[in-house]
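Given the sequences, and given the hints that come with them, work out the whole structure.
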Amino acid sequence: MARVRVTPFDAEHLAGVRTLYARTFGDAAQRHFEGRFAWSRAKNPSPNETFGWVLEGEGKAVLGYLAALPVPYRVFGQRLFAWTTADFMVDPAASFHGLSLLREAVRHCPRQVSLDDVPATMALLRLMKARPAGALARWAKPLDLALARGRLTWADRVPEALLSAGSPVLRVVDRLRRPRGLRTPVRVAFDERFDRFADAFCGVNDASVYRDAAWYRWRYGPGSPQHAAHVLALLDADGELEAYTVVATSSSSSPRAAHVLELCGSPSTSLASWQALLVGALRDARTAGAQVLYAPVLEGATLVEQALGSLGFLRRDHRLTLLVRAAPTDGPLAAQLLDGPWSIQYGDAEQSHGAVT
648 MARVRVTPFD AEHLAGVRTL YARTFGDAAQ RHFEGRFAWS RAKNPSPNET
698 FGWVLEGEGK AVLGYLAALP VPYRVFGQRL FAWTTADFMV DPAASFHGLS
748 LLREAVRHCP RQVSLDDVPA TMALLRLMKA RPAGALARWA KPLDLALARG
798 RLTWADRVPE ALLSAGSPVL RVVDRLRRPR GLRTPVRVAF DERFDRFADA
848 FCGVNDASVY RDAAWYRWRY GPGSPQHAAH VLALLDADGE LEAYTVVATS
898 SSSSPRAAHV LELCGSPSTS LASWQALLVG ALRDARTAGA QVLYAPVLEG
948 ATLVEQALGS LGFLRRDHRL TLLVRAAPTD GPLAAQLLDG PWSIQYGDAE
998 QSHGAVT
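Residue numbers (our numbering): 648 to 1004.
Among the hints, a few may not be true.
[Stated by the list, open to error] Derived DEER-like restraints, expressed as beta-carbon distance ranges:
| no. | residue 1 | residue 2 | range |
| --- | --- | --- | --- |
| 1 | 829 | 750 | 45 to 53 Å |
| 2 | 843 | 750 | 16 to 24 Å |
| 3 | 767 | 946 | 16 to 24 Å |
No lab work stands behind these hints: they were computed from the structure.
Just so it is clear, CB atoms sit at the ideal spot from N, CA and C, and this is done for glycine as well.
Encoded structure:
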């Protein structure tokens, strides 16, 4: 193969990146990537801290691509940026050079935090001295009996229309299972209450994305793939946030799926409050016509896991691993980054940007 070099991404590379994306992930994924490209690169809260690189071959052919997207964190009270690698892809003919792309990203953006489930990418991040620091486990709640087809023997003998018509049975079962006296979350906008909530709870005694109103207005704003997401909150007597969830339903997935992108509360949030938020998420997903609701949540969040189990969510095998790499200059902060505890949401993950479209 002719000489391959790593070079910073610029506008003249975009056509080649699109072609490589389609070849690597498929045409539909490429269209979603193109739709969110400007939002995630140029319109995020810190575009000057956003970087990308390509593997350039003969005739400036794009043989690989990797972006580093900045995310604002607070770690035990200290505000900082960490970067997450995004849209990592390499032409098979240049696969050996993929490590060079990642090495360049780590050189420019040494503090890395990512949620990933791709074994090859995770292996390369570990090679770059990233360490596992937790995981999100996916829980699923079926909302349509037709999902049983192909999974349960009896369902294969029942006409699909009849299965779908039986879905109201699931609603009845849910109502019977639901604890009495749960509060009803209300739909709210991303306003200054989220600034106060972030200041009080995000990264005070753990490591967390700093999820203030500005972050959320970008994350779920007009350019976001999840711009139609709803935020449902439990409010106190003063109208302030006690806990909240963000729910979005895909318009293109099959089966039609909804996702719990955020499920946030304080250390004192009760089991009943988590249950109330999840019941609100289920109601929102059903109203949107979803056939299944997925809730990826941090492993070891005991009350959240109890709430999910009590409402009939099933834990699946799929996991997203949290990988963290401290910068050489982080000093004592490195231990807090690597050892946590961490507060991580599915909406924090770059992977989630393309999950609900």
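To see whether the hints hold, each was checked on the structure:
1. 829 <-> 750: 45 to 53 Å: 51 Å, holds
2. 843 <-> 750: 16 to 24 Å: Since residue 843 and residue 750 have Cβ atoms about 41 Å apart, the given range 16 to 24 Å is violated.
3. 767 <-> 946: 16 to 24 Å: 23 Å, holds
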